[in-house]
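Asks: Just so you know, the protein sequences line up as chains G and W, in that order.
So in the numbering used here the end of the first sequence lands on 344, straight run, no missing numbers.
So in the numbering used here the end of the second sequence lands on 344, straight run, no missing numbers.
It should be emphasised that the hints constitute simulated quantities derived from the structure, not laboratory data.
Some hints could be false.
Note that identical chains are pooled: a pair holds if it fits in a single copy or bridges any two copies.
Unchecked claim - Straight-line C-alpha distance at most 25 Å; calculated DMTMM-like pairs for lysine to aspartate or glutamate:
no.: 1; residue 1: K216; residue 2: D187
no.: 2; residue 1: K216; residue 2: D331
no.: 3; residue 1: K328; residue 2: D210
no.: 4; residue 1: K216; residue 2: D293
no.: 5; residue 1: K216; residue 2: D243
no.: 6; residue 1: K328; residue 2: D187
2 protein chains.
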Amino acid sequence: MINVASAEARRVSEAALRRAGVPAQAAALQVDLLIEAELRGRASHGLLRLPRLTDRIANGVASPTATGRMEWRSDSFLRVDGQNGLGPVVAMEALRSGAERARRTGVVVVAIAHNNHLGMLAWYAEKIAEQGLVTLGFTTSEALVHAWGGRTAMLGTNPVAIGVPQEGTPFVLDMATSLVSMGQIHDYAQRGEALPPGWALDANGEPTTDAVAATKGSIAPFGQAKGYALGLALELLVVALTDSAIGRDVTGTLDSTRVASKGDVFILIDPGLQPGTTERIGAYLDLVRASGDEQGERRVAVPGDRAMRVRAERLETGIPLPRPLWAKLRDLAGEPASPTKELT
Amino acid sequence: MINVASAEARRVSEAALRRAGVPAQAAALQVDLLIEAELRGRASHGLLRLPRLTDRIANGVASPTATGRMEWRSDSFLRVDGQNGLGPVVAMEALRSGAERARRTGVVVVAIAHNNHLGMLAWYAEKIAEQGLVTLGFTTSEALVHAWGGRTAMLGTNPVAIGVPQEGTPFVLDMATSLVSMGQIHDYAQRGEALPPGWALDANGEPTTDAVAATKGSIAPFGQAKGYALGLALELLVVALTDSAIGRDVTGTLDSTRVASKGDVFILIDPGLQPGTTERIGAYLDLVRASGDEQGERRVAVPGDRAMRVRAERLETGIPLPRPLWAKLRDLAGEPASPTKELT
Chain G
1 MINVASAEAR RVSEAALRRA GVPAQAAALQ VDLLIEAELR GRASHGLLRL PRLTDRIANG
61 VASPTATGRM EWRSDSFLRV DGQNGLGPVV AMEALRSGAE RARRTGVVVV AIAHNNHLGM
121 LAWYAEKIAE QGLVTLGFTT SEALVHAWGG RTAMLGTNPV AIGVPQEGTP FVLDMATSLV
181 SMGQIHDYAQ RGEALPPGWA LDANGEPTTD AVAATKGSIA PFGQAKGYAL GLALELLVVA
241 LTDSAIGRDV TGTLDSTRVA SKGDVFILID PGLQPGTTER IGAYLDLVRA SGDEQGERRV
301 AVPGDRAMRV RAERLETGIP LPRPLWAKLR DLAGEPASPT KELT
Chain W
1 MINVASAEAR RVSEAALRRA GVPAQAAALQ VDLLIEAELR GRASHGLLRL PRLTDRIANG
61 VASPTATGRM EWRSDSFLRV DGQNGLGPVV AMEALRSGAE RARRTGVVVV AIAHNNHLGM
121 LAWYAEKIAE QGLVTLGFTT SEALVHAWGG RTAMLGTNPV AIGVPQEGTP FVLDMATSLV
181 SMGQIHDYAQ RGEALPPGWA LDANGEPTTD AVAATKGSIA PFGQAKGYAL GLALELLVVA
241 LTDSAIGRDV TGTLDSTRVA SKGDVFILID PGLQPGTTER IGAYLDLVRA SGDEQGERRV
301 AVPGDRAMRV RAERLETGIP LPRPLWAKLR DLAGEPASPT KELT
């Protein structure tokens, strides 16, 4: 691993995307999403996604220039054909229009199909909540998760994001409905470690603690039957609103060669916050934080607390990247492979 | 326990509410909600709630006649002051207006404050989804659930409902974000059984398997940290949109003497379903059902499957009610206490 200053990682990554034909502004947006994931300690949604993106552009399944075709199906329902554009480029274009409209109509649904991977939903929810809008975000992905009681992957990791405006940084929940990520399974496999029981099934649908076997099988939903039911409901919700592919038909979120067939849904709501409501919410969150042991094992975190702490640290110390990934990014940017400006 | 034909339970329950001053149509609506919960095997949301409701009316914290004051804050945002009316009476009045508007604007938010207990959210989501609308429903409740790592109740059981139109019966998810219900804890206490570990804390915040101690403490969120985070996000979402009470300030969902200060939020979306989408969803759900062992221990259920099976049975065999509850309902209806027309 090597620590790279986030500004340097940003510069090199943007250069890599520009070299792949992505316009400067779009490259900056896509890279900001990936850098923010790294800053918050979510490497699985970070820069490791960039080489796959340039591969996808090279393979013609991601357009470097498309920004999506928007159609207001009705006054508060924005349907978007993503034209295989870059996930955050298409989504932010749509969310800008959606947020503006939501201030007039009170609520807007943005339903996006034919768009590449959105990455970390928190990035979107935070940006919209910072504008004073309550946000719900959903996106589907390739089937990796088995039903509760099931033997094979039938569901995407189907994350949900909820953003609520606050004084200062908004409250943002962003969680997958899987127990763990396939990235975590791959980490265990790479380190040769056994998985905790209950995480995964092998290709035959049998419970396994063998991480390599699990990469060919499926991962568990979080929260047993309830988490499975929630992930399933979100799968159907997204399909009903975007007419995207469903279950095992979803492609293009993990591979480099197939068109992305999943769907993305955002609901933007102007809450018309009453005076004092955000203060009440802030005071409540402090009570929640204080409802555990202050120093003991049982600490209480509010979603986003840890991510913001890690972010503050990494803005100082840099982003830890695997050396081969950093070399790859510099290579994609057409820069010499030997690191020069990293913080270590 | 005694089995009562659902039509007879309905007749007696409606008579009890009418005697408490509830108009016939409102009584029919409120009772339908409670009977449907009984039919689906969810006694905790069933007729045991009715005597508390008549108490609340007698105590002046539930209005037998209010239907709520609706205000379109903007074209797609309906704010409702429930005027302490009966939960389903106020909500269905608002949802009728909301559903009609959603067909024009694409999406509507219905944000209700000052309303009594909604009961089973599935009832609402199903009714709206049957009209072809995708539905999300949220409601808060008195703090019973501890934060993940916390020692005291800070969150309501904050259920979420998601309805998606289908050919025939819609897909409906309806689940609390608590691991179990306080009703289940009371059942264990009544039977003198020990709780499974991990369900609850006692009044001092220590883990307990003593059900009586747990009734004075708090129950766990489902799905550990993630389920807690989801329940928390829903608490904030509802507060931001309805300006309702938050956390431990919520009253009136479990007691008979205090005004209900929680909030209810529905999001109604006209999905503009493409030809073939509901068929694709239906075929997918059948694949999900078939993804376990067909006969073995690991069966896969789709949300609603079990409820619908139980409902079909109970329409034939009647609703199992505790004898004291049935006697109480007949008493409230001004009918002789000795059962005459039950199926047994």
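Asks: Are the hints correct? Go through all of them and say.
Replies: Results for each hint:
no. : hint        : verdict
1   : K216 x D187 : within (14 Å within a copy, 43 Å between copies)
2   : K216 x D331 : neither (31 Å within a copy, 62 Å between copies)
3   : K328 x D210 : neither (30 Å within a copy, 58 Å between copies)
4   : K216 x D293 : between (41 Å within a copy, 19 Å between copies)
5   : K216 x D243 : neither (28 Å within a copy, 48 Å between copies)
6   : K328 x D187 : within (19 Å within a copy, 60 Å between copies)
The structure shown violates the earlier hints numbered 2, 3 and 5.
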